[in-house]
Amino acid sequence: MATWTWFHRFGSPPWVYGFAARWAPWFGGAAVLSMLIALYGGLILAPPDYQQKDAFRIVYIHAPVATMSMAVYSTMAVAAAVGLIWRMKVAHAAAAACAPIGAWFTVATLATGMLWGKPMWGAYWVWDPRLTSELVLLFLYFGYMGLRAGIEDPQKADKASAVLAIVGAVNIPIIKYSVNWWNSLHQPATRLIGEADMDWSMVWPLLLMLAAFFLYFGWVMLIRLRAELLRRERNASWVREVVA
Amino acid sequence: MNEFFAMSGYGQYVWPAFGIGFGIVVLIYVMAVSSLAAAKQEAKRRLEMNP
Numbered sequence: 001m002a003t004w005t006w007f008h009r010f011g012s013p014p015w016v017y018g019f020a021a022r023w024a025p026w027f028g029g030a031a032v033l034s035m036l037i038a039l040y041g042g043l044i045l046a047p048p049d050y051q052q053k054d055a056f057r058i059v060y061i062h063a064p065v066a067t068m069s070m071a072v073y074s075t076m077a078v079a080a081a082v083g084l085i086w087r088m089k090v091a092h093a094a095a096a097a098c099a100p101i102g103a104w105f106t107v108a109t110l111a112t113g114m115l116w117g118k119p120m121w122g123a124y125w126v127w128d129p130r131l132t133s134e135l136v137l138l139f140l141y142f143g144y145m146g147l148r149a150g151i152e153d154p155q156k157a158d159k160a161s162a163v164l165a166i167v168g169a170v171n172i173p174i175i176k177y178s179v180n181w182w183n184s185l186h187q188p189a190t191r192l193i194g195e196a197d198m199d200w201s202m203v204w205p206l207l208l209m210l211a212a213f214f215l216y217f218g219w220v221m222l223i224r225l226r227a228e229l230l231r232r233e234r235n236a237s238w239v240r241e242v243v244a
Numbered sequence: 245m246n247e248f249f250a251m252s253g254y255g256q257y258v259w260p261a262f263g264i265g266f267g268i269v270v271l272i273y274v275m276a277v278s279s280l281a282a283a284k285q286e287a288k289r290r291l292e293m294n295p
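If you're matching them up, the sequences are chains A and E in order.
Each residue of the first sequence is one higher than the last, beginning at 1 in the working numbering.
Each residue of the second sequence is one higher than the last, beginning at 245 in the working numbering.
Simulated from the structure, these hints should not be mistaken for laboratory data.
It cannot be assumed that every hint is accurate.
[What the hints assert, rightly or not] Under the rule of at most 30 Å between Cα atoms (straight-line distance), these lysine-lysine pairs were calculated in the DSS-like manner:
#	chain 1	residue 1	chain 2	residue 2
1	E	288	A	89
2	A	159	E	288
3	A	118	E	284
4	A	89	A	159
5	A	156	E	284
6	A	89	E	284
7	E	288	A	156
[What the hints assert, rightly or not] Here's a subset of chain E near chain A, in silico, CB distances under 8 Å, partners left out:
#	residue
8	252
9	261
10	265
11	270
12	272
13	273
14	276
15	279
16	280
17	288
Quick reminder that beta carbons are idealized off the backbone N, C-alpha and C, glycines included.
Full structure from sequences and hints, please.
What follows is the structure, encoded as structure tokens:
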């Protein structure tokens with residue numbers, strides 16, 4: 001019984017709108033604070049890498065945005081599936097709120113990766129499985145947003161874009177495991193815990209930066225979710241109360 | 245200090261990477277806030293048109 005009350009609450013646009021408004025600033029404050037500490041740790045406290053020297057520091061921006069490009073897509077696909085299965089408007093709104101954020105994270109991943117690839121591999125871009133599948137991710141985000149923008153009926157747009165998001169999710173494991181499945185120029189994932197590949201002084205800023213980016217995503221996603229809910233529910237009485 | 249900015253010769257790659265990365269972080273936030281502001285504005289306008 002108690003488990004279902006929260007689920008029903010999350011199905012209610014005005015409740016979610018209020019929830020998002022209350023929680024966003026906490027996510028934002030925690031995100032900014034942890035980003036600043038992680039930046040200090042990554043740029044100043046961590047020693048240079050024995051092979052890559054100071055170029056390795058790009059990891060503190062590249063790995064978090066790359067992780068988010070995939071995590072945001074996964075969130076979007078799960079939200080879209082929830083929206084399809086339980087006909088939950090709020091879930092479709094959440095999926096729609098994810099898309100532009102994820103697309104920008106993907107742009108950041110490609111750009112920071114190119115700036116790391118040039119000094120390490122000698123080229124900004126190579127048609128490598130990891131890089132190519134990440135580029136496909138960007139096109140999936142574009143496709144999702146384009147499809148939504150192109151269909152006027154919101155319910156049809158929700159359904160069609162949700163199917164695209166779910167089908168496209170197959171690309172996420174391809175990106176993740178591309179470095180293991182194929183011969184890739186891209187380095188494999190760095191182990192951060194247990195038998196770590198890096199010294200703790202290099203690891204903690206990266207873990208903190210990853211946490212910071214998840215908090216940051218929570219922050220901006222809740223802001224975008226409110227905008228989505230206002231647009232969809234423009235004829236609902238709760239919107240009158242909120243903007244009045 | 246100069247040594248810090250030089251990044252052992254990789255400064256021309258490290259700093260643009262951080263600049264673009266965190267530039268996009270700021271951009272995502274600004275776009276989210278302006279999207280919410282626009283949605284509120286639009287809702288208000290509708291309210292004024294048919295109270």
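Compare the structure with the hints numbered earlier in the document and write down the numbers of the violated ones, lowest to highest. 3 and 11
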